[in-house]
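A.B. asks: Residue numbers (this note's numbering), protein chains in the order written: chain A, 2 to 430; chain B, 2 to 430.
Hints should not be assumed to be uniformly reliable.
You can't tell identical chains apart in this list, so a pair holds if it fits in one copy or across any two.
[Claimed, not checked] Think about it this way: if two alpha-carbon atoms lie no more than 30 Å apart in a straight line, the pair counts; the simulated DSS-like pairs of lysine-lysine are:
(1) Lys89 / Lys18
(2) Lys195 / Lys249
(3) Lys49 / Lys379
(4) Lys52 / Lys249
(5) Lys430 / Lys195
(6) Lys176 / Lys415
(7) Lys249 / Lys18
(8) Lys49 / Lys77
(9) Lys176 / Lys9
(10) Lys89 / Lys396
(11) Lys195 / Lys9
(12) Lys52 / Lys379
Hints listed in this document are in silico derivations from the structure and should not be mistaken for laboratory results.
In case you want the letters, here they are:
2 protein chains.
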Amino acid sequence: MTQLQAAKAGIITDAMKQVAHNESVTPEQVRAGIARGHLVIPLNPAHKNVKPVGVGALFTTKVNANLGRSTTRSGKGDELIKLAVALKAGADFVMDLSVGSDLFSIRQGMLDASPAPLGTVPIYETVSRLEGDIPVMNPDLLMQVIQEQAEQGVDFMTLHAGLLRGHIASAMRRKMGIVSRGGAIMAEWMQKNKAENPLYTNWESVLDILVQHDVTVSLGDGLRPGCLADASDEAQFSELDVLGELVKRCRERGVQVMVEGPGHVPFNQIQMNVERQQQVCDGAPFYVLGPVVTDIAPGYDHITSCIGATAAATYGASLLCYVTPAEHLGLPDEEEVHQGVIAYRIAAHAGDIARGLPGAREIDDRMAEARVAFDWEKQFECAIDPERARARWLKTRSCEAGAPVDDHCSMCGKEFCAVRTSNRIRENK
Amino acid sequence: MTQLQAAKAGIITDAMKQVAHNESVTPEQVRAGIARGHLVIPLNPAHKNVKPVGVGALFTTKVNANLGRSTTRSGKGDELIKLAVALKAGADFVMDLSVGSDLFSIRQGMLDASPAPLGTVPIYETVSRLEGDIPVMNPDLLMQVIQEQAEQGVDFMTLHAGLLRGHIASAMRRKMGIVSRGGAIMAEWMQKNKAENPLYTNWESVLDILVQHDVTVSLGDGLRPGCLADASDEAQFSELDVLGELVKRCRERGVQVMVEGPGHVPFNQIQMNVERQQQVCDGAPFYVLGPVVTDIAPGYDHITSCIGATAAATYGASLLCYVTPAEHLGLPDEEEVHQGVIAYRIAAHAGDIARGLPGAREIDDRMAEARVAFDWEKQFECAIDPERARARWLKTRSCEAGAPVDDHCSMCGKEFCAVRTSNRIRENK
Numbered sequence: 002m003t004q005l006q007a008a009k010a011g012i013i014t015d016a017m018k019q020v021a022h023n024e025s026v027t028p029e030q031v032r033a034g035i036a037r038g039h040l041v042i043p044l045n046p047a048h049k050n051v052k053p054v055g056v057g058a059l060f061t062t063k064v065n066a067n068l069g070r071s072t073t074r075s076g077k078g079d080e081l082i083k084l085a086v087a088l089k090a091g092a093d094f095v096m097d098l099s100v101g102s103d104l105f106s107i108r109q110g111m112l113d114a115s116p117a118p119l120g121t122v123p124i125y126e127t128v129s130r131l132e133g134d135i136p137v138m139n140p141d142l143l144m145q146v147i148q149e150q151a152e153q154g155v156d157f158m159t160l161h162a163g164l165l166r167g168h169i170a171s172a173m174r175r176k177m178g179i180v181s182r183g184g185a186i187m188a189e190w191m192q193k194n195k196a197e198n199p200l201y202t203n204w205e206s207v208l209d210i211l212v213q214h215d216v217t218v219s220l221g222d223g224l225r226p227g228c229l230a231d232a233s234d235e236a237q238f239s240e241l242d243v244l245g246e247l248v249k250r251c252r253e254r255g256v257q258v259m260v261e262g263p264g265h266v267p268f269n270q271i272q273m274n275v276e277r278q279q280q281v282c283d284g285a286p287f288y289v290l291g292p293v294v295t296d297i298a299p300g301y302d303h304i305t306s307c308i309g310a311t312a313a314a315t316y317g318a319s320l321l322c323y324v325t326p327a328e329h330l331g332l333p334d335e336e337e338v339h340q341g342v343i344a345y346r347i348a349a350h351a352g353d354i355a356r357g358l359p360g361a362r363e364i365d366d367r368m369a370e371a372r373v374a375f376d377w378e379k380q381f382e383c384a385i386d387p388e389r390a391r392a393r394w395l396k397t398r399s400c401e402a403g404a405p406v407d408d409h410c411s412m413c414g415k416e417f418c419a420v421r422t423s424n425r426i427r428e429n430k
Numbered sequence: 002m003t004q005l006q007a008a009k010a011g012i013i014t015d016a017m018k019q020v021a022h023n024e025s026v027t028p029e030q031v032r033a034g035i036a037r038g039h040l041v042i043p044l045n046p047a048h049k050n051v052k053p054v055g056v057g058a059l060f061t062t063k064v065n066a067n068l069g070r071s072t073t074r075s076g077k078g079d080e081l082i083k084l085a086v087a088l089k090a091g092a093d094f095v096m097d098l099s100v101g102s103d104l105f106s107i108r109q110g111m112l113d114a115s116p117a118p119l120g121t122v123p124i125y126e127t128v129s130r131l132e133g134d135i136p137v138m139n140p141d142l143l144m145q146v147i148q149e150q151a152e153q154g155v156d157f158m159t160l161h162a163g164l165l166r167g168h169i170a171s172a173m174r175r176k177m178g179i180v181s182r183g184g185a186i187m188a189e190w191m192q193k194n195k196a197e198n199p200l201y202t203n204w205e206s207v208l209d210i211l212v213q214h215d216v217t218v219s220l221g222d223g224l225r226p227g228c229l230a231d232a233s234d235e236a237q238f239s240e241l242d243v244l245g246e247l248v249k250r251c252r253e254r255g256v257q258v259m260v261e262g263p264g265h266v267p268f269n270q271i272q273m274n275v276e277r278q279q280q281v282c283d284g285a286p287f288y289v290l291g292p293v294v295t296d297i298a299p300g301y302d303h304i305t306s307c308i309g310a311t312a313a314a315t316y317g318a319s320l321l322c323y324v325t326p327a328e329h330l331g332l333p334d335e336e337e338v339h340q341g342v343i344a345y346r347i348a349a350h351a352g353d354i355a356r357g358l359p360g361a362r363e364i365d366d367r368m369a370e371a372r373v374a375f376d377w378e379k380q381f382e383c384a385i386d387p388e389r390a391r392a393r394w395l396k397t398r399s400c401e402a403g404a405p406v407d408d409h410c411s412m413c414g415k416e417f418c419a420v421r422t423s424n425r426i427r428e429n430k
């Protein structure tokens with residue numbers, strides 16, 4: 002029985018109880034939200050030691066870190082190190098987006114090492130087995146890969162089932178065409194084989210597999226815009242309409258589902274994008290990639306995109322897929338994975354505060370109190386990255402060796418520390 | 002004659018012409034905007050080699066970089082290096098916030114080296130001359146420092162004239178009290194001397210000095226919130242009302258004026274804050290510090306704050322004061338100055354696109370076209386930080402030495418490059 006089937010049957014599972022406890026809500030709230038399809042708990046029973054994590058508006062906004070090798074770079078060892086970095090930095094979910102060789106082993110390594118739910122994009126392994134030759138793909142192979150990955154313990158899968166053959170023409174009129182790896186693969190296959198999207202045509206068979214293993218569907222947005230000029234266009238929203246239809250079919254079959262979203266979107270269009278997804282997909286949790294709010298900052302796309310992610314979370318997105326500083330330039334290294342996760346934890350938390358999630362601001366208030374009290378250790382405890390905050394503070398402190406510097410920092414120096422002056426005013430001395 | 006006096010008299014100055022040219026608007030639009038007080042060109046004729054830069058909704062959003070020594074750290078040489086870093090990264094304005102000794106010389110060095118307009122906070126030098134002993138300050142000394150700095154060529158000055166004695170009680174009821182250096186100084190002086198804010202009581206005399214040198218007033222927000230809990234409170238908005246009154250008095254006297262704003266503000270309160278400032282201050286250009294959208298990320302406050310700055314720019318702020326990764330921990334080093342300016346150029350540009358500034362998205366479109374064409378050199382030309390983008394790309398490329406890697410990047414590898422696949426679909430081959 003999937004979490005969704007249980008919820009519909011009025012059953013509160015252990016996973017629901019655990020999530021309720023973590024999120025300070027009642028188990029019945031979790032059950033009811035899952036039953037309506039507004040919440041999901043991606044959790045494949047075959048993934049040993051996985052911890053249940055909830056996604057949806059009732060919960061704190063979650064962060065996903067994409068990992069995985071490319072055909073030419075990295076491998077199992079490197080990716081396991083990056084996984085550890087991502088988890089330590091606070092990623093709630095991880096995806097293994099590896100392509101090339103050794104995929105089963107890399108994935109197994111990640112499943113074994115990750116208490117965070119793990120997602121994949123099965124079309125990557127499918128095409129990897131064909132050494133990148135997309136047109137020769139037999140849809141049966143794709144179904145077989147989905148089956149194998151579900152049995153192996155993958156908690157959620159991105160499936161680009163909403164990109165239909167009829168959408169390709171409008172996508173090709175865009176400035177950037179298709180920038181989703183999975184979307185481009187599906188589109189080329191359809192074009193060369195003059196056939197409809199096999200995930201769409203075989204959707205019920207796909208759900209037959211997923212319902213067996215309670216794999217959560219993450220409906221891929223193969224036509225997400227790859228630049229600001231392509232945002233909110235016909236191609237994007239045509240696909241979204243199909244995703245709305247597929248959400249219903251997932252729910253009917255008892256398969257948990259969330260929906261992926263853009264991409265590259267001007268800041269002023271983000272609210273509309275989130276609201277439109279929520280309306281078209283009947284409140285299914287929205288899983289967004291950024292969005293980046295300008296195309297011109299390669300090397301800084303963790304920043305361009307966490308700006309958009311904050312807005313998306315504020316307006317209703319529930320899961321934020323990080324973007325690292327390496328985006329548009331290369332595969333991220335460990336430090337870039339760390340920077341990506343931290344930027345997205347900032348976005349998720351700022352969004353939670355902005356949308357008024359109960360209790361979200363408590364830690365900010367504790368930080369403020371620690372600042373007034375010059376309690377640096379408490380400040381580091383409240384910090385999103387305690388190690389780096391402490392290290393940066395110590396770097397300055399060491400330059401003032403011998404002096405008592407606990408009641409100010411080097412930014413202004415002791416005499417000009419506004420907090421010290423303000424404390425004097427308060428005490429009127 | 003100040004720019005404002007000229008504009009009111011119907012005169013289009015050389016500075017207005019230059020700004021109009023840079024911003025692709027007409028000189029008459031610039032003149033009319035200055036006459037109404039909706040635009041300013043901070044430009045002191047005594048600042049040799051300064052280039053006119055416009056601030057206001059008609060123009061691109063501008064970025065200010067704060068520099069300057071603390072009492073215990075840094076000095077003229079270090080700060081001149083940071084100035085060069087800030088200018089190279091693209092700062093439009095700089096402020097010298099130095100406290101301690103050697104202030105005239107540091108400021109002169111910056112004026113000589115900076116074609117960007119330079120701002121100061123005269124109360125810092127005043128209290129520095131008193132070795133930090135705030136209560137003994139004679140208001141005449143403050144007036145003398147304003148006079149000297151105006152003569153020296155300072156283009157704009159932050160004056161905390163709107164924080165009145167009657168506001169202190171409400172500020173002291175806050176979680177963090179007063180976190181503005183200048184605000185805390187004025188408040189302590191008023192408390193100890195049982196007197197009203199001398200800048201407020203001597204405002205006409207202050208304007209007598211500034212009008213002589215066309216120094217632009219930047220009305221300081223001494224009661225800006227220092228944590229999310231204190232945002233949008235009585236203290237903040239009581240001071241804002243006084244700033245609105247002072248804006249009118251500046252304009253009547255022909256003194257250009259802009260208004261400073263918060264600080265620490267939850268994401269969902271930023272739009273209201275900007276709109277309230279624009280209403281209360283009759284469209285005077287809004288100069289914001291961030292705002293940071295969560296208190297818990299020391300070490301990453303360039304990110305927490307450029308999220309808020311993007312929203313502020315979108316909703317109407319015209320000048321963004323950068324925050325560096327060192328904020329709340331220490332004085333920024335060169336790399337932190339660089340990171341701060343870049344983050345804020347991202348915010349300014351994303352805001353310009355979001356508010357529909359004509360032409361703002363053109364460079365993003367060129368970037369998108371360069372990406373489709375795998376024209377890496379053109380991508381670097383469009384990049385906000387060309388050197389770092391190129392270096393990051395080369396880092397990956399060097400790992401693939403010998404292979405032709407110009408038509409993909411290491412993120413996905415050649416076979417899985419969505420742009421390559423999409424280009425094949427478009428060409429149908």
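A.B. asks: Does each hint fit the structure? Answer for all of them.
C.D. replies: Going down the list of hints, with the structure as the test:
no. : hint            : result
1   : Lys89 / Lys18   : within (25 Å within a copy, 55 Å between copies)
2   : Lys195 / Lys249 : within (27 Å within a copy, 69 Å between copies)
3   : Lys49 / Lys379  : neither (35 Å within a copy, 48 Å between copies)
4   : Lys52 / Lys249  : within (27 Å within a copy, 60 Å between copies)
5   : Lys430 / Lys195 : between (82 Å within a copy, 13 Å between copies)
6   : Lys176 / Lys415 : between (55 Å within a copy, 21 Å between copies)
7   : Lys249 / Lys18  : within (26 Å within a copy, 60 Å between copies)
8   : Lys49 / Lys77   : within (19 Å within a copy, 60 Å between copies)
9   : Lys176 / Lys9   : neither (44 Å within a copy, 46 Å between copies)
10  : Lys89 / Lys396  : both (23 Å within a copy, 26 Å between copies)
11  : Lys195 / Lys9   : neither (40 Å within a copy, 69 Å between copies)
12  : Lys52 / Lys379  : within (28 Å within a copy, 46 Å between copies)
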